[in-house]
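*Asks:* Sequence:
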Amino acid sequence: MLRTDTIGSTSKPLYVIVQSVSKVITLLERLDAQVELTPLEVNPQRYGNKAFRDYYSWLCQNATSICQETLEIETTAENFDELVKYLTESVGNPVRIDYGTGHELAFIAFLLALFKMGFLKKPESAIINQKTGSALEHNEYAEIALCVFPVYLRFVRHLQTYFRMEPAGSHGAWSLDDFQFVPYIWGSSQLMGTGLYEPSVIPNKEVASKEAESCLLFSCVNYIFQVKTGPFAEHSSCLQSLSNVPHWEKINSGMLKMYKGEVLNKFPVVQHFLFGNLLRFEPAPPGALKAGPPGGAKLPSSSTSAGPRKDMSAFSHQPPFVKPTGDP
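With the first letter of the sequence shown counted as 1, position 80 gets the number 80 in full-length UniProt numbering; the numbers rise by one all the way through.
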C-alpha cells in the first residue's frame, strides 16, 4: 500500500501531518539528537568507530521510555517490547558496526507494527490545506513513506558518517546502494506519471542535488555523490544500468522483484529478523519446500561465478505496467 500511495507524490506534502505521524518523526529526531552527544573513540580503528556500541547501549537502555513518552501508545507489554525491539534493530549492528538492508527492514517492521497496533492508520476524513484552504485527501500511508522515511534516512546517514559504519553485506560497485533499498522503490514510484524526469537523469549530480528534498530516489543518489568519488558508472554500476531503462514504471516493478530476490529471499539478510505477536511467523503449508523458494528465487549453487553482480533481469522484458491494488 505504501508503494501505491506514493505514486506521483512529493516528499514535501502540502497537507498538515497527522499527530501520530508527527510523534514518530519526533521520536526519530530524539534518537538523532543523541548521536553527537556520544564521544568518539580517538584510537585508530580499522572498521567503524567503537563508540557506536556506546550509542547502541544507550538506545537499548532508553528506547522503551522514549517510545512511551513520545508515542503514548496504549497496548500490552508484549506488543510494546516487540515494537521497541524493531526500533533498536533498525540502527545497525553493534558488534560489526555496520548497517544494511536488514536494518532498514527492521524499521519497516517497526512502522508495520505501529499499523498493527492501530497507532497508525489511513483515515477517511479530509484535511484542510493551510496555504490554500482547500480540502485534501488525508493519506497516512503516503505520510509514512514521504515524511517519516526521509527523517529516518537523515538519522541513519548521521549514524553512518559519524561512527564510520560499514555497509552490511554490500557487493561494492555491484550493489544498488551500500545501505538502502526501500527508498528506491518508493522514490521511483514518486516519479511515475509525473513527466518531470526520465530515468536517464539518475546519474545526474545536479538533478540529484536539486530534487533530494522532494524525491527519495534522488535523495539516495545525492547521498552517494556526497560519500563516493570517481565516475558514477564505476562506483554505482547498478544504478548506471537503470538509467538505460525507458520508463519509471519498469524500474519500479523491477525494484520490487529485485527487493524480494536480493533482500527478502536472502537468508543472510532475514536470518535475524524478529517475529512476535504483532508480526507472526506462520508455518509453511505442507509441500511448500518441495515447490522451491518463494518468488522463484534460485537455491544456492556450489558453482563459482564471475562476481557478486546483482540480477538485473527484473528490469528487462517486462509486460506493460498495470497499477497494482496493493503491495508491501
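Hint data in this document are derived by calculation from the structure and do not stem from the laboratory. Note that the coordinates shown come from a computational prediction; the quantities given were computed from them, not determined experimentally. Wrong hints could be hidden among the right ones.
To be verified - Taking lysine to aspartate or glutamate and the EDC-like style, the derived pairs with C-alpha atoms no more than 16 angstroms apart in a straight line are: (1) K260 x E213; (2) K23 x E78; (3) K228 x E282; (4) K50 x E36; (5) K50 x E234; (6) K23 x E74; (7) K116 x D81; (8) K116 x E166; (9) K228 x E166; (10) K205 x E249; (11) K116 x D177.
*Asks:* Can you name, in rising order, the numbers of the hints this structure does not satisfy?
*Replies:* Going through the list in order, the structure violates hints 1, 2, 3, 5, 8, 10 and 11 and respects the others.
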